[in-house]
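Please build the complex by placing chains B and C on the supplied structure of chain A, with the hints as guidance.
Each chain, written out:
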Amino acid sequence: MKFSELIDILHPQSHSLNNFPDCDPDITGVASIEEATKTTVSYIEGGKFASMVNQTQASGLILPLDEALQNAASNRGIAWIATSQPRLMFAKAIALFYQPFQPLPGIHPTAIIDPSATIGENIYLGSNVVISAGVKLGNGVMVHPNVVIYPQVTIGHGTVLHANCTIHERSIIGNNCVIHSGAVIGAEGFGFVPTADGWYKMQQSGYVVLEDGVEVGCNSTVDRPAVGETRIGKNTKLDNLVHIAHSCQVGQNCAMAAQVGLAGGVKIGNRVILAGQVGVANQAKIGDGAVASAQSGIHNDVKAGEVVSGSPAIANKLYLKVSAIYKRLPEIYKAFKKLGN
Amino acid sequence: MKFSELIDILHPQSHSLNNFPDCDPDITGVASIEEATKTTVSYIEGGKFASMVNQTQASGLILPLDEALQNAASNRGIAWIATSQPRLMFAKAIALFYQPFQPLPGIHPTAIIDPSATIGENIYLGSNVVISAGVKLGNGVMVHPNVVIYPQVTIGHGTVLHANCTIHERSIIGNNCVIHSGAVIGAEGFGFVPTADGWYKMQQSGYVVLEDGVEVGCNSTVDRPAVGETRIGKNTKLDNLVHIAHSCQVGQNCAMAAQVGLAGGVKIGNRVILAGQVGVANQAKIGDGAVASAQSGIHNDVKAGEVVSGSPAIANKLYLKVSAIYKRLPEIYKAFKKLGN
Amino acid sequence: MKFSELIDILHPQSHSLNNFPDCDPDITGVASIEEATKTTVSYIEGGKFASMVNQTQASGLILPLDEALQNAASNRGIAWIATSQPRLMFAKAIALFYQPFQPLPGIHPTAIIDPSATIGENIYLGSNVVISAGVKLGNGVMVHPNVVIYPQVTIGHGTVLHANCTIHERSIIGNNCVIHSGAVIGAEGFGFVPTADGWYKMQQSGYVVLEDGVEVGCNSTVDRPAVGETRIGKNTKLDNLVHIAHSCQVGQNCAMAAQVGLAGGVKIGNRVILAGQVGVANQAKIGDGAVASAQSGIHNDVKAGEVVSGSPAIANKLYLKVSAIYKRLPEIYKAFKKLGN
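Chains as they are written, first to last, in my numbering: chain A, 1 to 341; chain B, 1 to 341; chain C, 1 to 341.
Among the clues, some could well be false.
Said to hold, decoys possible - Under 7 Å between C-beta atoms, here's a sample of chain B residues computed to sit facing chain A:
hint: 1; residue: N128
hint: 2; residue: A163
hint: 3; residue: S181
hint: 4; residue: G182
hint: 5; residue: N219
hint: 6; residue: Q259
hint: 7; residue: L329
hint: 8; residue: Y333
hint: 9; residue: A335
To be verified - What follows is a set of in silico ranges between Cβ atoms, one per label pair, in the way DEER data are often shown:
hint: 10; chain 1: C; residue 1: N282; chain 2: B; residue 2: P194; range: 25 to 31 Å
hint: 11; chain 1: B; residue 1: A196; chain 2: C; residue 2: G29; range: 26 to 32 Å
hint: 12; chain 1: A; residue 1: G46; chain 2: B; residue 2: F101; range: 49 to 55 Å
hint: 13; chain 1: A; residue 1: E45; chain 2: C; residue 2: K48; range: 48 to 54 Å
To be clear, the hints were calculated from the coordinates, so they are not data collected in a lab.
None of the values given here were measured: they were computed from a predicted structure.
Heads up, the beta-carbon is just placed ideally off N, CA and C, and yes, glycines get one too.
Chain A on its own, in the form it takes in the complex (with noise of 0.2 Å):
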């Protein structure tokens, strides 16, 4: 199709700025800036990529609202259109172009459905799959290969499992949630009491709740608590290989990045974001909108809307402040020797 076209089907309503008709190649697909074709599109998200609009094969591309970049777009015959948010555009670029790999409904004969259990319509149960006692899938599910799913699951419409992932009993995940491969949904929490003899293990009679629209990333793991609940709500996204503990309440729309860990119990509002190998310790709390940079370690509450880093994580502009000081800790140390200490 041609650019202009594609350009229409994503977004019409948001453009500013455009240097089409003039050009107006023909687009094939989607790459990234370094590897376009003269057929694809590709984009940017802001001027310090400037140098890559003078390297690119990309026939097309969208840009930022930069005047700067859209110049140089034009001087080398790139057919651009310009917007506020080109990674969105670019996303639902994608999305016109990629027909993602999705198994066909049905029933694999080798899956092992419990006679208790409640199947909805139009789903696909891969090779290999256990569907144990009392667990309801709702209508479009779809349970990849090798996947467990322990006693009195609830699934909504809509959510799929990726392969070697593991739903233990009693958990109730939302509509339209992605599972992905090897993650770990409802085992039991860490909970054991010191005694006099060793540890005594508490039973972990919860359960977890997923919220619909929530994604947990490959080999990631939310436990149940010993009573209540884990929660994670509505449309809050883990990646890879992160930790939930048990009782943990996780507001709406927060992402996680990889190797976060949250200890028991903590309380996260809503947007919250926390960057990678993020640690927040027992029974903490952070506020809507909250921001940790990677590798923070909370150990204390964190007001809504605060951007905090380090670990002990204080607030981002004092770190920053902090670690650019902490390099020239060997020269104060030394005026500090020099005054007799």
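Same frame as chain A, but now just chains B and C:
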């Protein structure tokens, strides 16, 4: 049952105080303090949860030895008992009311068992489990669906292997262990020797030993060594996503929280506690009863009983001071500049 | 065999020194220095293990080029050879005595193979493996039980996939790779674009390439990107629980220890070593031969050959100074207060 009956069953010898029979409601279950209802019993660990006594709907409470809390409960007409270990008594209360899911003994027809394997009595082998040559399973072992056991593995009586976990060749797992979903025991240690031609792979001819009562969390990994054994001592508990490298020797009754990683050859005593995301470097030794705070990075030996924090880890008391001052580095730096530096 | 025969087989050209035939015991196996017996050979890497020479039961030792150690061994009547790479020679000794478990070629009747898949010669497909449409497996491939391979995956000759791992659509895995148990290759990258309505999911239309000789540890994850490829170079080795995000480009002969995490679009040169729990931020570049200490947090580019430590990562030499002074912050602060601050 009556609250007083419940307490009699739980621990008649240990309760020092109570306000029944004046107040002795019917109890049908357990709940957290926030979610408790009129017929549930809950617990409180210490004075900082005092406000919850004034809000909870629980009709029975397990309290610490704290008169203010006891008075608050009495004033609201809540039956209570006071003990030095409220969490332990609550754990025992859960065990009274909660019937955990346990499959009945039996061998699913899809389980694949090598003819040379030896299998005890009253065992459960779920769907699609794979038991390789020379494997020995004790009495009462439960192997959940899609578990794979490589050759020559020995597993003691009463041990439970959850779904999708993998036990590698020659591993020796004791009695009453629990291996949670997705965990991998006894895979090859990460042994590569640098040479001018790249990495030379060191064969990992050793094996892993898990002593009686060990638990390994979901998606955790315990590697086997080049020679000899990797050993986890009796009743030691590992949370999810923990990594134990080749040749580590871990003592008894330790606990490691999620995402802890031990590098090769680490030696850990008894009753050691490592909080979440702690890392321990090659060959480091940690003495009995030592504790490391979350995200500690332990490069050197830690003495018995020591509490360490930070990365690199230092004594916790010093760490607390240092962390407090850390935030004031900008002020210190300003003073340093004023001095003409 | 005699110790001298063993050494002849291992590396006749490299040994600079030895004390046989004066002392030439029979050797039946290999062991660690602590666990060695009268008929086993062991090794020592350097002088800090000197005391072990005086305690070991080994009758043969592979020593470094260190005369004191050689004399100590001679004095105790232990046969020894000295080489500049004792660990490498010991690794070769293990390979001589150890016969690793390898299943025989063959296809288990429970393996499920799509008719459109192409399968090489002498391959092993274990129980319950799932080979989807369009998959190509080279000669000598070994797929252990319960592995799931999504459609259109290509796997080269001699590659081994351990139990319960998952290979996602379109992944390209080279020759002689090892994917350890529970690892997930080629799952969707964590791509969500923030909008006023919440997260917009960016389809991940790309794929993962693992070049020849790559090893991926247990429960590690390598994600595919939105467009283009995520690539791990020839002979690079990843330990357990490592996360490689979408679009990363990793060079040849690198090693990443357990729990390392790379965020999206990281570019890593050849022979880079990342120790345990290192995190690397989005788009950071690391040059050839660079090294990062355990728990480093790399936010900015690292030059070729640089050694970095700490979070945020700084030059290792500076880090060592800073860390030493860090502990003295309380003293420095006291002096700062004395100055009237």
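Against the structure, the hints:
At its closest, the beta carbon of N128 (chain B) sits 5 Å from a beta carbon of chain A; the interface hint therefore holds under the 7 Å criterion. With 7 Å as the threshold, the beta carbon of A163 (chain B) comes within range of chain A, its nearest partner Cβ sitting at about 4 Å, so the hint holds. Here the hint on S181 (chain B) is kept, as its CB sits about 4 Å from the closest CB of chain A, short of 7 Å. The closest approach between the C-beta of G182 (chain B) and any C-beta of chain A is roughly 5 Å, which is under the 7 Å cut-off, so the hint is satisfied.
The beta carbon of N219 (chain B) comes within 5 Å of a beta carbon in chain A, closer than 7 Å, and the hint placing it at the interface holds. Below 7 Å, beta-carbon pairs count as interface contacts, and Q259 (chain B) has one with chain A at about 5 Å; its hint therefore holds. Residue-level restraint check for L329 (chain B) holds (minimum Cβ-Cβ distance to chain A is 4 Å; threshold 7 Å). Residue-level restraint check for Y333 (chain B) holds (minimum Cβ-Cβ distance to chain A is 5 Å; threshold 7 Å).
With a least beta-carbon distance of about 9 Å to chain A, the hint placing A335 (chain B) at the interface is violated under the 7 Å criterion. In this structure the hint that N282 (chain C) and P194 (chain B) lie 25 to 31 Å apart at CB holds, the actual value being about 29 Å. A196 (chain B) and G29 (chain C) have their C-beta atoms about 28 Å apart, which keeps the hinted 26 to 32 Å range intact. Roughly 52 Å separates the CB atoms of G46 (chain A) and F101 (chain B), a value that falls within the hinted 49 to 55 Å.
Separated by about 51 Å at the C-beta atoms, E45 (chain A) and K48 (chain C) satisfy the suggested range of 48 to 54 Å.
The structure fails to meet hint 9 from the earlier list, while all remaining hints are met.
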